[in-house]
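Using the sequences and the hints, build the whole thing.
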Amino acid sequence: MNNDRTLGEFEQIVLLAVLRLGDQAYGVTILDEIAAKTGRNSAPGALYTTLHRMEDKGLVTFRDGSPTPERGGRAKRFVIVTREGRNALASAQSAYQSLLQGLDLLADPLVRLMFGGAYV
Amino acid sequence: MFESYTSDSTPAESFLAQIAGPTRAAAIMGDLDELAANRGRFWFWIAYIRTLVSLGWRTLAAFVVGFTSFLLMMSFLGVWMRIPKAIDNMAFGSTHNALTFLSTAFLSIFASSLWFAAPYAFLRFGHRDRMVQLYCVFFLLTTPFLFHSNSISLIFALVTFALIIAALWSSVWRRPMIVLAATSITALVALEATTDLVTRVYHPYFHYPHEFNLTSWAVVRLTAAVALANAAILCTWLHRRLLRQSTAIA
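If you read the protein sequences in the order shown, they are chains Y and Z.
My numbering numbers the first residue of the first sequence as 202 and each following residue consecutively.
My numbering numbers the first residue of the second sequence as 5 and each following residue consecutively.
I should point out that these hints are in silico values taken from the structure, not numbers from a laboratory.
Take these hints with a grain of salt, some might be off.
Unchecked claim - Distance windows between CB atoms, simulated:
1. Y:Ala291 x Z:Pro15: 39 to 45 angstroms
2. Z:Val68 x Y:Asp224: 37 to 43 angstroms
3. Y:Gly274 x Z:Thr203: 48 to 54 angstroms
No residue lacks a Cβ here, since even glycine has one placed at the ideal position from N, Cα and C.
Okay, structure coming up:
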């Protein structure tokens, strides 16, 4: 495995949120999606640091949108996952799947109760 | 109706742009503005400060390490030159051969700029960056051989000079070399200018008092920090303009 493309946990969460949002992924919607699906209220600074790091690694790129009044006339900056980003995410998720096999962790009723379906 | 914080956050955006770049800063401020519509002004400024710290701590840490490295190397050089015959043995102590003197003066001046710039760039941009790789090569070619005999220093001064020419000739290494050279020249000129200013304001021996003087110690280091901060700002700006790939796609 290429160490340069190894993803941290939050990087994987951000990439998954961006993929789920499609062409509407920018700072605000990514934070909302992460909060809705994981119950985690991430700090904006943490998201931007992660996005900038992944941009430097070539895992994401950006597309500028149009300025809107609710943003003080500033443009949105939409996030796009690159092919390298998809490959890195697939590799990381594959590793998780391999490790989870045979554990039946997600089928455990207690886990379902604790996480309220957030992860299951 | 949306409540925007644009009017009082423009200087804040400019400050953030120094760290993140203008495009990123505008997008971040827009996101915070949008999020703050439901959370209020206090949340906006707390989120802004936390974002600033998240994005800027690495730049600040890189500057502190670079400045400390510069001070340590200057102190080491000062101690080394007090060793009997060390200055005669060192290349720039030679005055009997013009070529040796000129080439090794170049080596020592270039090396002194790298004592700040190389650690700063390494921590700020990471080891995968081409400019950082150039910095590391030049650091290894100059500093260890500065303290050796005339002939060894002369050889490595010529190798360093040849490598600079080769980098400027190469299409791959030209831009990193330009950023590196601009940063080094700015550091040296700013250091010389602040030294000259301090000397004019105080007195010619202010930098080297016979006894420890807290005012002298603080003023000399503060002015050096200001001088090197100029080089760091230029380095970051040029790096963004010349070395970063365009992130906006059609």
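Hint check results:
1. Y:Ala291 x Z:Pro15: 39 to 45 angstroms: holds (43 angstroms)
2. Z:Val68 x Y:Asp224: 37 to 43 angstroms: holds (41 angstroms)
3. Y:Gly274 x Z:Thr203: 48 to 54 angstroms: Cβ of Gly274 (chain Y) to Cβ of Thr203 (chain Z): about 49 angstroms, so the range 48 to 54 angstroms holds.
Every hint from the earlier list agrees with this structure, and none is contradicted.
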